[in-house]
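Q: In the order they appear, the protein sequences are chains A and B.
Okay, so the first sequence: first residue is 0 according to numbering that gives the first Met the number 0, each after it adds one.
Okay, so the second sequence: first residue is 0 according to numbering that gives the first Met the number 0, each after it adds one.
Source of the hints: derived by calculation from the structure; they are not laboratory data.
Quick reminder that beta carbons are idealized off the backbone N, C-alpha and C, glycines included.
Be a bit skeptical, because a hint or two may be false.
[Unchecked claim] Straight line, CA to CA, 27 angstroms or less: simulated DSS-like cross-link-like pairs of lysine-lysine:
{"id": "1", "chain 1": "B", "residue 1": "K43", "chain 2": "B", "residue 2": "K199"}
{"id": "2", "chain 1": "B", "residue 1": "K199", "chain 2": "A", "residue 2": "K43"}
{"id": "3", "chain 1": "B", "residue 1": "K43", "chain 2": "A", "residue 2": "K51"}
{"id": "4", "chain 1": "B", "residue 1": "K199", "chain 2": "A", "residue 2": "K51"}
{"id": "5", "chain 1": "A", "residue 1": "K43", "chain 2": "B", "residue 2": "K21"}
[Unchecked claim] Across the chosen pairs, the derived CB separations fall in these ranges:
{"id": "6", "chain 1": "B", "residue 1": "E144", "chain 2": "A", "residue 2": "R133", "range": "46 to 54 angstroms"}
{"id": "7", "chain 1": "B", "residue 1": "E95", "chain 2": "A", "residue 2": "S187", "range": "35 to 43 angstroms"}
{"id": "8", "chain 1": "A", "residue 1": "D248", "chain 2": "B", "residue 2": "L88", "range": "38 to 46 angstroms"}
{"id": "9", "chain 1": "B", "residue 1": "D149", "chain 2": "A", "residue 2": "T211", "range": "31 to 39 angstroms"}
Number of protein chains: 2
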Amino acid sequence: MSRPIEVPLAPECSACIVSSLKTMIPLLTAEPNEQFEMFRLAYKRISEGYDKGLTPVVLSISLYQELYTRAGVEDPYKQIKYESTKAALKTLPLIEERLRGLEGKEALDASLAAAITGNVIDFNTAAHSPDLDRLVETFDEIRGEGFHIDDTEALWSSLTSRTGDLMYLADNAGEVLFDIPLVRLIRSLGWRVIYVVKGKPMINDATREDTTGTELETLADIIDTGGWAHGVPMEWVSREFLDAVRSADIVISKGQANIETFPAIQQQTGVETYYVTRAKCPHISAAIGTEAGTNVVMRRTGHVVPK
Amino acid sequence: MSRPIEVPLAPECSACIVSSLKTMIPLLTAEPNEQFEMFRLAYKRISEGYDKGLTPVVLSISLYQELYTRAGVEDPYKQIKYESTKAALKTLPLIEERLRGLEGKEALDASLAAAITGNVIDFNTAAHSPDLDRLVETFDEIRGEGFHIDDTEALWSSLTSRTGDLMYLADNAGEVLFDIPLVRLIRSLGWRVIYVVKGKPMINDATREDTTGTELETLADIIDTGGWAHGVPMEWVSREFLDAVRSADIVISKGQANIETFPAIQQQTGVETYYVTRAKCPHISAAIGTEAGTNVVMRRTGHVVPK
Chain A
0 MSRPIEVPLA
10 PECSACIVSS
20 LKTMIPLLTA
30 EPNEQFEMFR
40 LAYKRISEGY
50 DKGLTPVVLS
60 ISLYQELYTR
70 AGVEDPYKQI
80 KYESTKAALK
90 TLPLIEERLR
100 GLEGKEALDA
110 SLAAAITGNV
120 IDFNTAAHSP
130 DLDRLVETFD
140 EIRGEGFHID
150 DTEALWSSLT
160 SRTGDLMYLA
170 DNAGEVLFDI
180 PLVRLIRSLG
190 WRVIYVVKGK
200 PMINDATRED
210 TTGTELETLA
220 DIIDTGGWAH
230 GVPMEWVSRE
240 FLDAVRSADI
250 VISKGQANIE
260 TFPAIQQQTG
270 VETYYVTRAK
280 CPHISAAIGT
290 EAGTNVVMRR
300 TGHVVPK
Chain B
0 MSRPIEVPLA
10 PECSACIVSS
20 LKTMIPLLTA
30 EPNEQFEMFR
40 LAYKRISEGY
50 DKGLTPVVLS
60 ISLYQELYTR
70 AGVEDPYKQI
80 KYESTKAALK
90 TLPLIEERLR
100 GLEGKEALDA
110 SLAAAITGNV
120 IDFNTAAHSP
130 DLDRLVETFD
140 EIRGEGFHID
150 DTEALWSSLT
160 SRTGDLMYLA
170 DNAGEVLFDI
180 PLVRLIRSLG
190 WRVIYVVKGK
200 PMINDATRED
210 TTGTELETLA
220 DIIDTGGWAH
230 GVPMEWVSRE
240 FLDAVRSADI
250 VISKGQANIE
260 TFPAIQQQTG
270 VETYYVTRAK
280 CPHISAAIGT
290 EAGTNVVMRR
300 TGHVVPK
């Protein structure tokens with residue numbers, strides 16, 4: 000059994016949540032008084048969240064749900080997500096050129112690096128025309144840096160010694176396109192891929208719409224978490240999603256919100272899981288035993304018996 | 000009479016203030032419960048500040064003063080300021096090489112670009128070993144971009160057609176070193192320079208200590224605002240400082256906090272003032288009629304008769 004992953008609420012988490020509101024609130028309303036009220040509500044809810052000791056992901060999801068509902072806006076990041084996808088579609092071929100001709104474990108490592116490249120590039124902010132050359136540079140940097148937590152040998156061994164159902168937990172819109180080389184490779188090894196997006200739009204997390212018309216539809220069965228949340232917090236995902244986890248043989252969990260939330264499910268099901276991410280937040284990095292700024296492919300298996 | 004400059008409180012200002020607390024609060028206390036309490040206090044004070052319609056700079060100063068007092072820490076940024084100064088001392092000669100041989104108005108423009116380079120580089124955060132080449136690049140970029148608001152002709156004309164007392168309102172520790180070429184040039188034109196630092200440590204704003212042992216001491220008379228605040232908010236500066244403004248013939252006001260606060264004093268005294276800054280915040284940029292990311296040398300003169 001591996002050490003469980005738990006990301007605690009740290010005081011600075013509130014600063015990151017507030018920082019995200021700088022993008023979100025203007026997308027919810029253009030009216031300054033209503034913007035003030037939304038920030039005020041946020042401060043109240045964060046203070047209350049501190050009292051209750053909520054985890055950062057649960058605190059932020061509750062708050063975002065309340066703000067979305069108050070504004071009556073279903074998908075405030077719609078335009079940002081659309082632009083992200085457009086930019087990713089344009090830049091993916093440059094990464095794929097780099098992957099051409101690679102085989103075996105080397106192809107796996109490079110595809111993982113591509114997936115992490117998607118995780119690094121922040122299409123979330125105003126970067127509507129990201130620097131294409133820079134993106135390829137990022138990919139090369141990740142290839143050069145390697146994985147600071149590196150369970151790629153175990154992943155390669157699992158992928159090549161058997162077959163079955165592999166569940167892939169997606170992260171953001173746009174970023175999902177960079178998962179294609181990895182999903183393609185896994186498919187070519189004989190696996191069925193279940194690619195999981197979010198049930199309802201929450202920040203810039205990918206929903207079904209963000210995979211529509213992409214190669215992901217031909218490579219994988221696309222399902223959703225049933226949840227109105229980033230990540231897969233147990234409180235908000237559907238029974239159908241949990242059943243799908245139970246019948247999966249391997250899970251690849253992409254990005255930070257999934258690292259904050261999937262371990263609770265992983266520990267109950269015991270499913271062999273690989274967390275693939277760029278560690279960005281120092282608290283999440285500490286929780287998984289690495290430093291911020293590193294690339295992670297981390298294996299977790301086994302049940303945790305509830306206390 | 001020129002249009003008065005007023006920076007309103009916008010909803011997103013709170014997000015910037017909270018973001019600064021991410022650096023500040025860990026410098027005030029290492030104790031997590033106390034950090035939670037400080038964030039909670041901040042949310043309370045920001046909400047109250049919204050009700051009172053405080054300006055962003057007054058809201059942040061009151062809050063920072065309360066947090067400093069609560070923690071009983073006089074200068075939480077001491078180490079950061081020390082590192083900033085050390086780094087600036089090392090990198091200044093590279094900029095000065097670029098300035099060598101320049102004369103007349105060209106020397107003024109290049110010295111203003113050097114001063115703005117100081118304003119661009121953020122020694123405030125963890126960048127303790129800033130990339131020296133990058134710093135020179137920044138200087139070259141600013142030289143290439145030029146000034147989006149450009150009253151340098153008026154400044155050059157004023158500096159060369161007469162002499163007198165020039166007051167220079169400094170900004171951050173470290174950054175002050177990049178003011179040296181400009182102060183040196185102004186001195187060489189026959190002006191006496193009064194260089195103004197802050198009365199008490201507030202965030203990473205320069206105090207007397209941050210100019211000690213530098214060439215600024217030989218070039219200028221160094222005085223302070225008498226205030227415990229960034230910028231020069233009327234509520235917090237000393238009578239002595241205001242008297243010094245009244246007897247100044249020209250003021251150079253450096254950085255954003257001074258642009259937020261000096262106009263109130265400038266309008267009362269009518270002193271010919273040049274605001275030199277990189278416009279970073281969109282609201283401050285809008286208030287002075289430019290866009291974020293531009294370089295500004297903006298002249299203001301004349302009294303505003305109180306309503």
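Q: Next, verify each hint and record whether it holds.
A: We went through each hint and held it up to the structure:
Between the alpha carbons of K43/B and K199/B the distance comes to roughly 25 angstroms, so the proposed pair stays at or under 27 angstroms and holds. Restraint check for K199/B and K43/A: the C-alpha separation of about 32 angstroms exceeds 27 angstroms, so the hint is violated. For a cut-off of 27 angstroms, the pair hint linking K43/B to K51/A stands: about 17 angstroms separates their Cα positions. This hinted pair does not check out: K199/B and K51/A have alpha carbons roughly 38 angstroms apart, beyond 27 angstroms.
About 18 angstroms separates the Cα atoms of K43/A and K21/B, which keeps this hinted pair within 27 angstroms; it holds. Distance hint for E144/B and R133/A: a CB-CB separation of about 20 angstroms, inconsistent with the stated range 46 to 54 angstroms. Our hint of 35 to 43 angstroms for E95/B and S187/A is violated, since their Cβ atoms are close to 59 angstroms apart. For the pair D248/A and L88/B, the beta carbons lie near 60 angstroms from each other, so the given range of 38 to 46 angstroms is not met.
Between D149/B and T211/A, the C-beta spacing of about 49 angstroms breaks the proposed range 31 to 39 angstroms.
Checked against the numbered hints above, the structure breaks hints 2, 4, 6, 7, 8 and 9 and satisfies the rest.
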